[in-house]
Amino acid sequence: MKLISFKQSFIAFGVLLTLGACETDEKLEVKGDGVVYEENFYRNETEAYSGLVAAYDKLGKFAGAMENAPLLFLNSASDDFYAGGGGPDDQPGLQVASNYSISPGNIPPNIWADYYKGVARCNIMLAKLPAIPMDAAKKTRFTAEVKALRAYYYFDLVRMFKNIPLILAPITLKEEIPLVEQVKPEVVYAQIEKDLNEAIPDLPMTLLTNELGRFSKGAATALLGKVYLYDNKKAEAAVELAKVNGTTPGQPSSYGYNLMPKFSDLWNHANKFNTESIFEIAYTDKSNADWGNFERGDDEGNVAAQLMGIRDYSRKTAGIAALLPDYINGWGFMVVTNELQAALQGDPRYASTIFNAGASRGTGNTDPNGLITYTDSYNETGYHFIKYAAVNADIKSSNPFLNFGINTYIIRLADTYLLEAEALGGTGARAQALLDAVRNRVGLGSVPVSLDAIYAERRLELAGEGHRWFDLVRTGQAAAKLASRGFVAGKNEAFPIPYSEFNNTKMIQNPNYN
Amino acid sequence: MKLTKLLMFCISSLLFSVIAMAQDVTVNGTINDESGLPVPGATISVKGTNKATASDFDGKFQISVPSNGTLTVTFVGYVTVQEAVNGRTKLDIKLSPESQNLNEVVVVGYGTQKKSVVTGSISSVKAKDLESLPITRVEQALQGRVSGVSIAANAGQPGSASTIRIRGFTTLNNNDPLWVVDGVIVDNGGIGYLNQSDIESIEVLKDGASGAIYGSRAAAGVILVTTKKGKAGKISVSYTGYAGTSQAAKKIDLLDASQYVTILNEAYVNGGKAAPFATRTAPTPANPTGTPIDYGKGTNWQDVIFNDHAQRYSHELSFSGGNDTSTFYMSFGLTDQEGIITTDISNYTRKNIRLNSNHKIGKYIKIGQTLGYSNEKTIGIGNTNDEFGGPLSSAINLDPLTPVLVGPEAAVPGSPYVNANALRDANGNYYGISTNVTQETSNPLAYTQTRLGNNDFSENFVGNIFVEAEILPGLKFRSTAGAKLAYYGSDNFTPVYYLNGATKKDVNELFRSYKKSYSWNWENTLNYAKKFGDHNFSVLVGKGTYVDNITSGNDITYRGVPATTHADASFNVDIPIADKIANAYNAQALEHRVESLFGRLNYDYKEKYIFTGIIRRDGSTRFGPNHKYGTFPSVSLGWVPSKEGFWKENDVVNNLKIRGGYGVTGNDSSPDFLYISTVGIQRNYTIGGNIANGQSTNAIANPDLKWEETKQANIGFETMLFHDFNLTVDFFNKKTEGILMPVPVPGYVGATGKTYANLADMENKGIDIELGYRKKIGDLNLSVNGNFSYIKNEITYLDKGTNFLAGDETVQSSAYEINRTQVGQAYNSFYGFKTNGIFQTQADVDNYKNAAGKVIQPNAKPGDFRWQDLDGDGSIGSNDRTFLGTSLPKFTYGFTLNLDYKGFDMLVFGQGAGGNMIYQGLRRLDITNANYQTEVLGRWTGPGSTDSYPRVTTNDTNKNFTNPSDFNLEKGDFFRFKTIQLGYSFPKEWIESISLQKVRLYVTGENLWTITKYTGYDPEIGGPTTAGMNNVQGVDRGYYPQAKSYMLGVNLQF
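Going down the list, the sequences are from chains A and B. Under my numbering, the first residue of the first sequence is numbered 1, with each subsequent residue one higher. Under my numbering, the first residue of the second sequence is numbered 1, with each subsequent residue one higher.
Hint data in this document are derived by calculation from the structure and do not stem from the laboratory. Glycine included, each C-beta is placed from N, C-alpha and C at the ideal position. It cannot be assumed that every hint is accurate.
To be verified - Sample of chain A residues at the chain B side, in silico, Cβ under 10 Å:
| hint | residue |
| --- | --- |
| 1 | A54 |
| 2 | G93 |
| 3 | G105 |
| 4 | P108 |
As the list claims (entries may be wrong) - Below 20 Å or equal to it, Euclidean Cα-Cα: the simulated SDA-like pairs (lysine to any residue) are:
| hint | chain 1 | residue 1 | chain 2 | residue 2 |
| --- | --- | --- | --- | --- |
| 5 | B | K754 | A | E295 |
| 6 | B | K273 | A | G382 |
| 7 | A | K286 | B | S415 |
| 8 | B | K800 | A | I177 |
| 9 | B | K505 | A | G382 |
| 10 | B | K754 | A | V180 |
| 11 | B | K800 | A | T505 |
| 12 | A | K316 | B | S415 |
| 13 | B | K800 | A | E181 |
| 14 | A | K286 | B | I681 |
| 15 | A | K316 | A | T363 |
| 16 | B | K126 | B | I691 |
| 17 | B | K504 | A | I177 |
| 18 | B | K273 | A | N293 |
| 19 | A | K286 | B | Y901 |
| 20 | B | K988 | B | F895 |
| 21 | B | K706 | A | K286 |
| 22 | B | K504 | A | T375 |
With the hints as constraints, model all of the structure from the sequences given.
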């Protein structure tokens, strides 16, 4: 009997374990550690803020990438710079921009995609913000910032690619993806202007120290003025730009903006968010980026500074050479063209813009009288761009190439002065005063204002800050100035849309590519 | 043991004394096993009576038996022997193990089955096939030995895993088979812990009908590993060891210094620049033309990094024994192998311990356990199969002009050696720094100095325990709990260094990562077997819970520690807190859990008509609420005509089994959280000078995500022909539906992650053939086993609106992907431009027009490739690309020849694959001055010089080298003599006096000879080692080649 009950209990146990299989649905729900679902997010102010930060994140790609950095890409495509680098295939995206062999197959696809990632993060915030329980004033401000950011992203996209899809709400179903179509540029401009006009009233006039880097009323207003100018709404442009420029050029505006007294102080990297800076992209040397997270969202360094450094730069230790800047060993991109060098020759801004490395080296690395040695970049001219140049003292990390904390300007007051002068048609006392203010700051005398004078001034004042290619296209000078590079009128005014966008979509390529 | 012996004696003495009768004779005898070892505890009974006794420790017995009676000898694990006494008084009886008889069993998952009634397609490798082979990882045991399984090494770095594909690629996702070791699921990456001499058998479940018992995880095939169990009897001790030396099987031909100067000068001149290297000395008044400069041979960087005397050895010692109640197996193994490339930073060591035991409690209950522990240490060279850095890539690309070492006097102002962190050898000489080739490419000896002592480690515990109770006759309940615990990580010190202007480190770093992963499973099964006349039934039902991916870890970096070498570096130092960087984490996705119910019915009638039905239902954490559970059925049938009455015995077809099956299996080895929209972290921005943490949504959610289903039909037969040939042939058609893949999302969507959906179908059709021949001719034993598999892979469906999937592999500076997946083509076929000869003259360029008369390549120069204008639009663009061949081998084959003759034995094992292409991408195209392979000497130099290799130029605007094209592709066919072994076993009478049972000495050659036309190091190329590109095979960016080895070994048995 004992054996039987022993057996019976085994049977009962076995049946229980084997067949007593209650469906354990809740056990099959994944609980990811640190993984948050969309439905459990955007619940409070803290999460709203982190969503806002994510929308800002993509701003950092401007100089926080290699060939995908618009700063380097746009400079390479201008008549002021060659791509440079180690050879004709080093960072090929920059090379093809520089020699106009650019095509849908070789344009760095993230130039396009990073902007759209920024747009998507703005769209999700605009969809979620209304329902988030939080401080009403902050919600209003966050909404305004997101709209301003979306306007910024679309402004760069429409200027670079012209015919683009305008997506204003999150795409939530995969079925929607292939249905997206491009819209005319004027539709994009109208949306950018609408977003900025809605944003401006709700943005703060001044930013607290711990808010620096975010959108302010002045930044959005300056951006709107610039947008109007590109949209050929000159009168509206002048109105908006005048707000940030102030009533008396050269004097502080009601927004608090004023030209930096010394041009060279603009390029002292310690002077972040100075009085001349209207909109500035912030970088830091603290994110410890390495090749593992490089070009990801947590890589917060200025990478362009490394690319723009002179290759294998080395100061000789003795005598006068020690007075030369202690530049880092860079990767040799952004070689200044002879044309820009000639244009700046004798200009007070030369020393802040160009380093005449060739002259300092003498006849070559073996020249006993040379003060420095370095390796030629591809398309070397001897002239290197130094506004954002890093020196060894800037190295704060064991992966220095990726972690320079050098900020870059998007809009600064000298730019908006010249834009307003242009919006005014390049004539009149106000335009003259604006032009004079820019020149006076560097000790140059007045020249009669004209559109040509303004364009010339923009080139010298803003060299290397990413404006030149846009200026040439906007003012119709691109075909003439860039012909020697291979620029084809009727084609190269817009960049090709990366060919990956055409895989199974309704997209249409820009004219004359393919 | 002693107790058992006593018990046995008591029982047998009792039985003996009670039943003894006068007319009987007393028989004395011994029981030995197949190797002549005495078997204690065997039961000797007199047939037809209750009379019985047991053998003693020396295998001896004594029993009284009628002189015309018959003795029955039984012992667990051995074939029962009936021996007629015939008046004899002395009997020596030899037992042979059960597995050698016709009732060979096959492990089928949750049990075993007699091979004769197996209806699925299962291939086996047994322990005896693996003895004394120089295998460091278990999957190598399968390479070339079973049909339908393709195995290619991922690298020749010792300890590297291989890419295993069972009947080809099943999905666009994870194609690694499911490994089950003694019932414990062990992920593919962690299988390296096994010691090959502990393996009793490996079974590969290839078809859906067999795989369905593992349901949602079986689509890519299942590999079942069974480790050795102890055998009752005297304790057996065996030792196997070998030691040997390895070298590179092949070096590639690179330019020497003089050739390099010639080619580079020509390239610069063709590119419109001045030649960089002077070919004559500067003229002087005395010597107005200068003297030609002889650059000589320069440095052969391959000679610098390859070690022709890399050492390897292995020791394995095992003990096994037991009695009727308990048996055990325990072993110790030690393997050490040096790599053939920069041996100082290429080494693999593994130590293993195993203890397996089985016990009986009373009559109805069995318990048992397995436990394996391994400790692995891998010192790796860093990047392999990567053109960006690593010693192999540097050796290929560095210029031969740079010397290996230069004297201290080289540190003149302006030279790279003035850098304080330039590395020197023990004599104070600098490691040469190239001024011609820079970036990640650097002197490999100097690079070696930056990695000395760095290692990856892993420790694995894998074990299980089971209880089996026979509740009623034929009804068994079994509960098995298994677990795997792994600790792994790496321990690195990176000193300050200056390898060149781009590759340098100014602050040293001490890094350690330490991770733990844990998985467990618990299975309960009921099995009922019953025989009704000639009808055999067996039913299995079970429930299982499987949990894995419980992972956590941390890593720490200390910067600027006061040390210059790995040995001196310590975490026990006081450095500023800012220089201590720590990360801790749990796995991004916690707990992958599968809950399962399964059942199997086996039926046969006289082993003539056979039926097997399987059903399994799995629920997985990886699927959305709409498709949480999947059901995976299979059915298979067998018919053995040779057992039919109408079958006439003949000498041609001795037996024949025809079988067919159909089964559905699934694949849940996709990433977690695909069905739900998640929020990603680290979308940061610098605000107010500090890093603000940003978060945003990742990809678009897809709650309809469901299982990939693989439906496989298999039909085949097994036959013995002419008494000596065993032939197995299987035809299969494997169709995977609803393959999970990322929806090709254009950039404008702005998604930060990928959205997955069930978008594609794929089909694999093929044939597996295994043919064996076994013959004894006098003292010569001969066996030959061969296998051949052919497979055709085709994409049969892609989501509507999706015409193709662009592959995610690009090579170097081209934006064009080199592979594409499209309906009607094999998965991930190579894709690119087609060359059509070389323009010999400017007239050729001008005359190359499309139908409309447009010059297609107006900017090309003589010596450039003529690209085929496939779309006929008069220019070369992305639409001119086409399919250039498959990256997947179409056929694989292998053969093993075994001979033994009077103590001498010989093994020849060869294996091959073919029908695929390899993308040869060894040269860094973005470094103008990178060295070339000697094929460049046949470049185009003028009209008529060649039509196949373009001109060299520094300004390759025609993209001769950078466009992915048929120029970069080569045939990957190869056949390799993998192992050749000669052995000699000493005659027993010589060694018995020193109480040895077996002494065998052998010599082995591995990878002695490879037949291939491929120009890289090694045509055996597995999957890439870069994560995220897990399925593009056959792209050679500088694989660590397999070594050629010679070894001496010994097998001893006590």
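What hint numbers does the structure not satisfy? Hints 7, 9, 16, 17, 18, 19, 20 and 21 are the ones this structure does not satisfy, whereas the remaining hints hold.
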